[in-house]
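Chain order of the listed sequences is S and R.
So for the first sequence, this note's numbering puts the first residue at 13; every next one is plus one.
So for the second sequence, this note's numbering puts the first residue at 5; every next one is plus one.
Not one of these hints is a red herring.
Using 20 Å as the maximum straight-line C-alpha spacing, the simulated EDC-like pairs for lysine to aspartate or glutamate come out as follows:
no. : chain 1 : residue 1 : chain 2 : residue 2
1   : S       : K147      : S       : E130
2   : R       : K36       : S       : E143
3   : S       : K236      : S       : E297
4   : R       : K448      : S       : D27
5   : S       : K102      : R       : E228
6   : S       : K237      : S       : E297
7   : S       : K237      : S       : E268
8   : S       : K99       : R       : D350
9   : R       : K243      : S       : E82
10  : S       : K99       : S       : E136
Just so you know, these hints were derived from the structure itself, not from any lab.
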Amino acid sequence: MNHFIEVNDVVKQYDGHMALNHVSVNVPQGCIYGLLGPNGAGKTSLIRIINLITRPDSGTVMLDGHPINEGDVANIGYLPEERGLYKKMKVGEQIVYLARLKGMSKADAVREMQVWLERFDLVEWRDKKLEALSKGMQQKVQFIATVLHRPRLLIFDEPFSGFDPVNADQLKVEILRLNREGATILFSTHNMESVEAVCERISLINHSQVVLEGRVDEIRQTHKKNIISVDLPQGQALEPCERLYTQLPPAMGSKETLIRLADGVAVREAIAWLNDHYTLNGFHEVLPSMHEIFVETVKG
Amino acid sequence: MRHLFHLFALEIVMEKLKLIIAREYMSMIGRKSFIVMTILLPVLMILVIALPLLIGYLNDAGSDVEQVAVIDETGRYAAAIENNDLYSFVPMRADSVGDPRAFYDKTSGSLAAVVVIPRDVDSTAQVTVYSDKTVNVSLKSHIARALSDTITQAHIAAYGVPNLQRMIDEANVDIDVKSVKWGEDGSETESSTEIAMVIGMVLAFLTYMFVLMYGAMIMNGVIEEKTNRIVEVIVSSCKPFQLMMGKIIGVALVGLTQMAIWAVVMAGITAITGSVLGVGALVDPGTAMTQANMPDDATVDMDLVNVWNAVMSVNYGQILSCFVLYFIGGYLLYASLFAGFGSAVDQANDASQFTTPIILIMIVALYAGMACMENPSGPMAVWCSIIPFTSPIVMMVRLPYDVPFWQLALSIVLLYATAAGMIWIASRIYRTGILLYGKKTSFKEIVRWLK
Numbered sequence: 013m014n015h016f017i018e019v020n021d022v023v024k025q026y027d028g029h030m031a032l033n034h035v036s037v038n039v040p041q042g043c044i045y046g047l048l049g050p051n052g053a054g055k056t057s058l059i060r061i062i063n064l065i066t067r068p069d070s071g072t073v074m075l076d077g078h079p080i081n082e083g084d085v086a087n088i089g090y091l092p093e094e095r096g097l098y099k100k101m102k103v104g105e106q107i108v109y110l111a112r113l114k115g116m117s118k119a120d121a122v123r124e125m126q127v128w129l130e131r132f133d134l135v136e137w138r139d140k141k142l143e144a145l146s147k148g149m150q151q152k153v154q155f156i157a158t159v160l161h162r163p164r165l166l167i168f169d170e171p172f173s174g175f176d177p178v179n180a181d182q183l184k185v186e187i188l189r190l191n192r193e194g195a196t197i198l199f200s201t202h203n204m205e206s207v208e209a210v211c212e213r214i215s216l217i218n219h220s221q222v223v224l225e226g227r228v229d230e231i232r233q234t235h236k237k238n239i240i241s242v243d244l245p246q247g248q249a250l251e252p253c254e255r256l257y258t259q260l261p262p263a264m265g266s267k268e269t270l271i272r273l274a275d276g277v278a279v280r281e282a283i284a285w286l287n288d289h290y291t292l293n294g295f296h297e298v299l300p301s302m303h304e305i306f307v308e309t310v311k312g
Numbered sequence: 005m006r007h008l009f010h011l012f013a014l015e016i017v018m019e020k021l022k023l024i025i026a027r028e029y030m031s032m033i034g035r036k037s038f039i040v041m042t043i044l045l046p047v048l049m050i051l052v053i054a055l056p057l058l059i060g061y062l063n064d065a066g067s068d069v070e071q072v073a074v075i076d077e078t079g080r081y082a083a084a085i086e087n088n089d090l091y092s093f094v095p096m097r098a099d100s101v102g103d104p105r106a107f108y109d110k111t112s113g114s115l116a117a118v119v120v121i122p123r124d125v126d127s128t129a130q131v132t133v134y135s136d137k138t139v140n141v142s143l144k145s146h147i148a149r150a151l152s153d154t155i156t157q158a159h160i161a162a163y164g165v166p167n168l169q170r171m172i173d174e175a176n177v178d179i180d181v182k183s184v185k186w187g188e189d190g191s192e193t194e195s196s197t198e199i200a201m202v203i204g205m206v207l208a209f210l211t212y213m214f215v216l217m218y219g220a221m222i223m224n225g226v227i228e229e230k231t232n233r234i235v236e237v238i239v240s241s242c243k244p245f246q247l248m249m250g251k252i253i254g255v256a257l258v259g260l261t262q263m264a265i266w267a268v269v270m271a272g273i274t275a276i277t278g279s280v281l282g283v284g285a286l287v288d289p290g291t292a293m294t295q296a297n298m299p300d301d302a303t304v305d306m307d308l309v310n311v312w313n314a315v316m317s318v319n320y321g322q323i324l325s326c327f328v329l330y331f332i333g334g335y336l337l338y339a340s341l342f343a344g345f346g347s348a349v350d351q352a353n354d355a356s357q358f359t360t361p362i363i364l365i366m367i368v369a370l371y372a373g374m375a376c377m378e379n380p381s382g383p384m385a386v387w388c389s390i391i392p393f394t395s396p397i398v399m400m401v402r403l404p405y406d407v408p409f410w411q412l413a414l415s416i417v418l419l420y421a422t423a424a425g426m427i428w429i430a431s432r433i434y435r436t437g438i439l440l441y442g443k444k445t446s447f448k449e450i451v452r453w454l455k
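Start from the sequences, fold in the hints, and give me the full structure.
In C-alpha cells, the structure reads:
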C-alpha cells in the first residue's frame with residue numbers, strides 16, 4: 013500500500029518520562045485517519061514530531077516516500093487543540109501572514125483567502141482585529157489559516173471542540189471536501205461518534221504505545237461480542253435458553269431485546285431456533301461502538 | 005546541485021525571517037503606546053530639564069516680598085544686608101527691641117524672620133536667624149554672603165595697611181586648567197573631556213534604557229505568543245530560532261526607528277541653536293580666541309559659543325561608531341536573555357524571578373559607569389569595560405579618556421562572543437520553554453534544558 017506518512021519505531025522521552033515508546037503509524041494516501049487515545053497518552057507528542065516541531069529521540073518519519081524535512085512544512089497544515097492567533101492583528105493580515113510563513117506567495121494567499129472568507133461568511137470581518145470576533149468566528153479563522161496553503165497533509169487536533177452543531181456540520185463538510193480534493197487527514201480526537209462517521213482507519217495510543225490499529229469497520233468486527241438484537245412483536249418476551257444464549261439487560265432508554273450467544277453457537281443456529289419458537293420481526297448483529305472499544309481497550 | 009538546494013533552503017529561511025521581522029515591526033509601530041512614547045519621552049526630558057528652572061522662576065515671581073527685621077547689636081553691619089526680590093530687611097536698634105522672641109510675637113506674623121547680629125560677631129563670625137517657620141536656605145545664604153563680604157572688608161580695613169584690599173585681590177589666583185591632547189601626528193587639540201564624558205554618559209544611559217525597555221517588550225511578546233498559543237502554529241511553519249531572532253531583530257528595528265526620529269528632532273534643534281548663536285558647525289578655535297578679546301558685553305554670548313565649540317570638538321566619529329557597536333552587542337546579549345526567560349514562564353507575573361537578576365546586573369553596570377567618571381583608568385573601570393555584561397555601558401563613559409586599543413578590541417570581541425553564546429543558550433531555552441505549559445519553571449530546570 014502507498015503510505016503517505018510512515019512513522020517507524022519512534023521513541024521520544026521528556027525528562028525521563030517516556031512520551032512515545034516505539035510507536036509506528038502508517039497513514040495511507042488520501043485517508044482520513046483517527047489518532048485516538050486518552051489525555052497524556054502521547055498523541056500531541058506524535059503530532060509535534062510529524063509537524064517537525066520536535067525531533068524523535070530515535071525512529072524515522074517518512075512523508076510521501078522521503079524522510080520528512082524542513083521543506084515539508086509547506087505540505088502540512090496543523091490545527092492545534094489549543095487554538096491561538098494574534099488577538100491584536102487584523103483577520104486578513106493574520107491569515108495571509110500565516111499562509112506566507114508556509115511558503116505561499118502573497119498574491120495567492122490573498123486570492124485564496126477571499127474564497128474561504130466568503131465560504132465561511134466572514135468577508136466583512138477581514139479588516140477587523142481578531143479580538144472583535146466571536147469565539148466561533150475565531151475558530152473559523154484559524155481553520156482557514158490551517159488549510160489555506162493547500163497542504164497535502166492536514167492535522168486536526170480536536171477540530172470540533174468549541175463549535176456549535178451547525179458550525180460543526182459545516183466544518184465536517186469542508187473537511188470531507190478537502191479529503192476528496194486529495195488531502196490526507198490526520199484526526200486527533202476524543203469524539204468517538206465523529207471517528208465512526210468520518211475515519212477510515214485509526215490508531216489507538218495508550219501509555220505511549222499503539223495498542224490498536226486498523227480499519228474502523230474491521231476493528232468493530234473483531235471486537236464484536238456475539239450480541240444479537242432481536243425484534244419481537246409487542247408483548248412477547250424471550251424465555252431463557254442457556255444452551256444457546258443468555259439475555260442481556262436492555263440498554264438504557266431502549267426496548268431492544270439483546271442476547272449474547274453462548275460460546276461455539278453460530279448465529280444461524282440461534283436464529284433458526286428462535287424462528288421456530290417465536291415470531292421474529294427482525295434481528296441484527298450488534299457491533300460495538302468505537303466508544304466501547306476505546307473504553308474497553310484503555311481500561312482493559 | 006546540492007549547493008543549489010542549500011541556497012534555496014537558505015532563501016526560504018531568510019524569507020521567513022523577513023516575514024517575522026516585518027510582522028513584529030508593523031505590529032509595534034502601529035501601537036498607540038509606541039507613538040505616545042516617541043512623543044512623550046523627549047517632552048519628558050525637556051520637562052526634567054526645564055521644570056526646575058520654571059519652578060525657580062515661578063517661586064521668585066509669585067511670592068510677595070517678606071519683611072525681615074535685623075537687630076544689630078554692633079550698630080555697624082545692619083545696612084550691609086541689602087533688599088532683594090524676596091526679602092526686604094528692616095534694621096532695628098538692639099536697645100529699642102529688647103528680647104527678640106517678644107518682639108517677633110508682637111508683630112503677629114508680619115515678619116518672616118528676625119536676624120540677630122551679636123555684639124561679638126567680629127570674633128565669633130556667627131549670626132542667628134529666628135523664626136517660627138523653617139528658615140529658607142536662600143535667606144540664610146543671602147545674609148551670610150552679605151555679612152561675610154562686609155565684615156571681611158572691615159577686618160582688612162582694621163589692619164590699617166593702605167591698598168591692602170587691592171593687594172589681596174591681585175594676590176588671589178584662580179587656576180584654570182586647560183587640557184591639551186597630543187595627537188599621534190604631533191598635533192595639539194584642546195580636548196573637551198567633560199563634554200565628551202557627558203555625551204558618553206548620556207549614550208550609556210540610552211543603552212541602559214533601551215535595553216531594559218525593549219528587552220521587557222521582547223519578553224512580553226514571547227509570553228503573549230505563548231499564552232495565546234499561537235506559538236504552536238508558528239513553530240509548525242518555522243524554526244523556534246527564526247521566531248526568536250525575528251522578534252529580537254524586529255523589536256530592535258522598532259527601537260532604532262524611535263531613536264532615528266529623536267535624532268532627527270535633535271539635529272533640527274541643534275541646527276536652529278547653531279544658527280541662533282551665529283556659529284557654524286565647525287568654528288576655527290583661532291576665531292574663537294580672537295573673539296575672546298572682545299568687549300565686556302559680549303561675554304555672555306562668548307560663554308555659549310565656547311560651550312558650543314567644545315560640544316562640536318568632540319570626536320563624534322569614534323564615539324558614535326563605538327556606540328553603535330556596543331549598543332547592538334549589548335542589546336543582543338540582553339534581549340536574548342529576556343527572550344529565553346520569557347519562554348520559560350506562563351504569565352508575566354512569574355517573570356520577575358528571572359528579570360530581577362538581569363535588572364540588577366544592568367543597575368550595577370550603570371553605577372559602575374558613573375563611578376568611572378571619577379577614575380576612568382582605575383581597575384574597576386577597566387574590568388567593567390571589558391566584562392561583556394557591563395561593557396556596553398561602562399565603555400561608553402570611558403571612551404573619551406583614550407582607552408588603549410587592545411582593551412577596546414578585547415572588550416568588543418568578548419561582547420560579541422558572549423552575545424552569540426547567549427543567543428545559542430536562549431534558543432535552547434526558548435525551543436523547550438514555548439511548548440511547555442502549566443509548570444513553574446526553576447533556574448535548575450532551565451539549566452537542564454541546555455543539555
